[in-house]
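Engineer: Below are the chains, spelled out letter by letter.
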Amino acid sequence: MSQPPRVVLVDDHGLFRSGVRAELGQQVTVVGEADDVAPAIELIERVVPDVVLLDVHLPGGGGQAVIAAVKKEHPEVRFLALSASDAPEDVIGVIRAGARGYVTKTISTADLADAIQRVADGDAVFSHRLAGFVLDAFAAAPSPADVKPSFDPELDQLTSREREVLRLIAQGYTYKETARELYISVKTVESHVSSVLRKLQLSSRHQLTRWAAERRLT
Amino acid sequence: VHHRTEPSEPAWPPSRFQGHPRRHSRAERWRNRGNGEPLRRDPEDRLAGGVAAGIAAWRGFSPTTVRIVLVVIALWGGWAVPLYFIAWLLIPARGAEASIGSKARHDSRGVALAIALGSLLAVFLLLAGALNDTTVETYGWPQVISVACLTLIWRNAPEREQAAMRHLVEPLESLGAGGGKRRRGTVLRLTAAVVLLVAGVGWLLTSHASLALLRPLTGVLLVAAGIVLLLGPWWLRIARDLVLERQARARAEERADMATRVHDSVLQTLALIQRRADDPQQVVQLARAQERELRSWLFEGRAPGESDATSFADGVRQIQRDVEARHGVPVEVVTVGDCPLGDDLGALLAAAREATVNAAKWSGASVISLYAEVEPDQVEVAVRDRGKGFDPDSVPGDRKGLAESVHGRMTRHGGSVAVQSAVGEGTKVTLRMPRTEAAAAPTESGETAGRSH
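Those protein sequence lines, which keep their order, are chains F and Z.
With the numbering used here applied, the first sequence covers 13 to 230.
With the numbering used here applied, the second sequence covers 215 to 667.
Possibly wrong hints are sitting among the right ones.
Dumping the calculated EDC-like pairs for lysine to aspartate or glutamate here, alpha-carbon to alpha-carbon at most 16 Å [claimed, not checked]:
1) LYS188/F with GLU639/Z
2) LYS117/F with GLU35/F
3) LYS117/F with GLU546/Z
4) LYS188/F with GLU176/F
5) LYS575/Z with GLU538/Z
6) LYS188/F with ASP126/F
Beta-carbon label-pair distances, calculated as ranges [what the hints assert, rightly or not]:
7) GLY309/Z with PRO100/F: 48 to 56 Å
8) LYS188/F with LEU261/Z: 41 to 49 Å
9) GLU193/F with THR650/Z: 29 to 37 Å
10) ARG192/F with GLY309/Z: 33 to 41 Å
11) ALA50/F with SER580/Z: 33 to 41 Å
12) PRO648/Z with LEU194/F: 18 to 26 Å
13) THR650/Z with ARG192/F: 29 to 37 Å
14) GLU176/F with GLY542/Z: 28 to 36 Å
15) VAL581/Z with GLU176/F: 19 to 27 Å
Read the hints as simulated data drawn from the structure, not as lab findings.
Ideal placement from N, C-alpha and C gives every residue a C-beta, glycine not left out.
All chains, please: the whole structure from these sequences, using the hints.
Structural biologist: Structure below.
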């Protein structure tokens with residue numbers, strides 16, 4: 013590993029921020045903290061970190077607002093969404109806005125450091141819960157409204173292999189365990205997950221767009 | 215008897231024949247063709263009873279050859295069929311202690327039923343014999359024995375063989391009754407019956423144009439009527455006995471179900487109370503919760519473990535809440551899709567609950583993953599922990615949880631269970647329940663209703 017990734021923490025709970033900062037220690041370099049949307053945007057544009065650890069819920073609007081504002085000027089900044097919330101539309105909304113992954117706040121320190129490194133390397137990070145949400149979103153039978161607007165039908169459904177990978181992740185398997193279970197390499201698991209992330213962000217499926225529309229993202 | 219020789223001994227010559235090698239040289243050559251073991255049916259390689267495969271292995275032929283020979287003999291005279299069933303009855307399955315026949319000897323009700331069915335067919339054949347049709351004569355009469363043998367086999371075969379037989383008969387059953395196809399099955403059956411009746415009467419009238427030839431038929435009818443008068447009450451009694459027996463079996467199943475429920479609720483709680491004996495407050499809390507549950511079961515008819523959940527996903531979340539509250543182990547739940555609850559899915563939930571409780575109690579894992587996915591044709595639940603795991607082959611028989619509560623429950627409702635575990639590597643229990651048409655129908659009708667408004 014070269015240098016530890018430079019990280020900005022965005023969360024409205026000061027206690028949580030200091031906890032993460034203390035626990036992550038030397039594994040990452042925390043270059044700044046923010047507690048709301050506006051200060052976060054200002055901070056990120058100033059320090060341009062590798063990874064932003066972003067709470068889905070912020071007092072001044074959702075975490076999506078931060079991503080939307082920063083994305084245009086600094087596409088190289090990567091976001092990892094973090095939340096105690098289980099509401100699928102919030103999580104899917106942040107991912108569709110451009111976050112590279114989603115983990116719950118109950119995650120262990122080692123796993124969090126690992127996830128940050130993964131996002132810094134450009135990979136996607138799917139927690140078991142996100143995998144479940146995605147399966148759920150793509151599993152619902154396409155409604156008639158879904159059929160026409162798609163410009164690339166491939167984006168609208170998961171391949172069976174992608175489904176298998178997501179299923180195992182949703183059952184709490186790590187990437188490594190998933191790879192072993194399916195007799196594929198960890199790299200292949202990563203590429204499947206990245207492909208799912210791409211579909212999630214670009215699909216025009218009705219159900220996904222509806223979630224996004226509720227959050228005014230389209 | 216020589217076929218009791220230990221497998222480790224050389225198969226030939228058996229000790230009994232030692233000292234007379236000359237006299238048995240031909241038998242020796244004959245015997246060396248086969249596998250040297252006594253004749254045993256082979257349920258692993260079966261089409262019906264595994265008799266052909268058994269003979270093939272015994273004599274060193276290919277099973278296909280034996281089967282073809284059997285079929286040819288059956289076409290010839292019809293006697294091969296009952297012979298096959300007799301062999302099925304008398305030859306023990308490989309690895310089994312005794313033959314089905316030795317068990318059937320003590321099944322007096324089965325013997326009576328076999329005789330009854332055989333005599334019923336005999337009366338029918340007597341009537342048919344009046345047609346002077348030789349095919350009925352040559353093929354029909356041996357089947358009286360077939361029917362009797364088959365009845366005994368059906369009632370006394372070990373469970374695994376019975377399951378295989380049921381699998382063979384399944385297509386016929388779905389024709390007769392079951393599920394949404396019932397009406398079509400009835401129509402089909404009635405049509406077939408009408409066609410047969412018309413064809414039979416037509417045949418009678420055309421082939422026996424003159425009434426004189428029909429005269430022997432009257433005699434046969436009289437004989438048949440006599441037999442029916444003689445045996446009729448007995449037949450009826452046997453039929454009634456069968457109904458009673460079935461009721462008794464239903465009662466036994468109900469009792470097993472109740473034992474399962476008591477185990478899941480009361481026994482589990484008692485075990486918990488013993489473990490937490492040093493924490494009086496918790497013990498009181500557990501006891502009170504159990505009392506409430508037991509009361510609602512006895513007086514309100516709501517079974518323990520069967521929640522008041524409104525949907526499947528809701529039920530899964532209830533499992534999470536209950537297990538976290540009772541056992542203090544976090545449960546990570548992921549549900550994909552949802553559907554209304556039916557009987558089968560209720561059983562699936564109860565089994566999933568038991569598997570989760572088991573993981574919380576025994577695995578020692580710090581977190582349990584509970585994954586549930588509703589697919590169009592089935593519902594799958596996976597309960598996984600990274601705890602100490604166990605060797606699935608060496609679970610003691612008295613560990614009722616996995617065996618009865620999970621396995622019994624699932625199989626009673628047509629589902630399946632797969633357990634993956636190894637010492638030190640955690641456990642994964644996968645439960646699958648097919649979605650019945652009845653459960654799928656309401657959403658469909660709901661949609662149409664919604665559209666028409």
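Engineer: Which of the numbered hints above does this structure break?
Structural biologist: none
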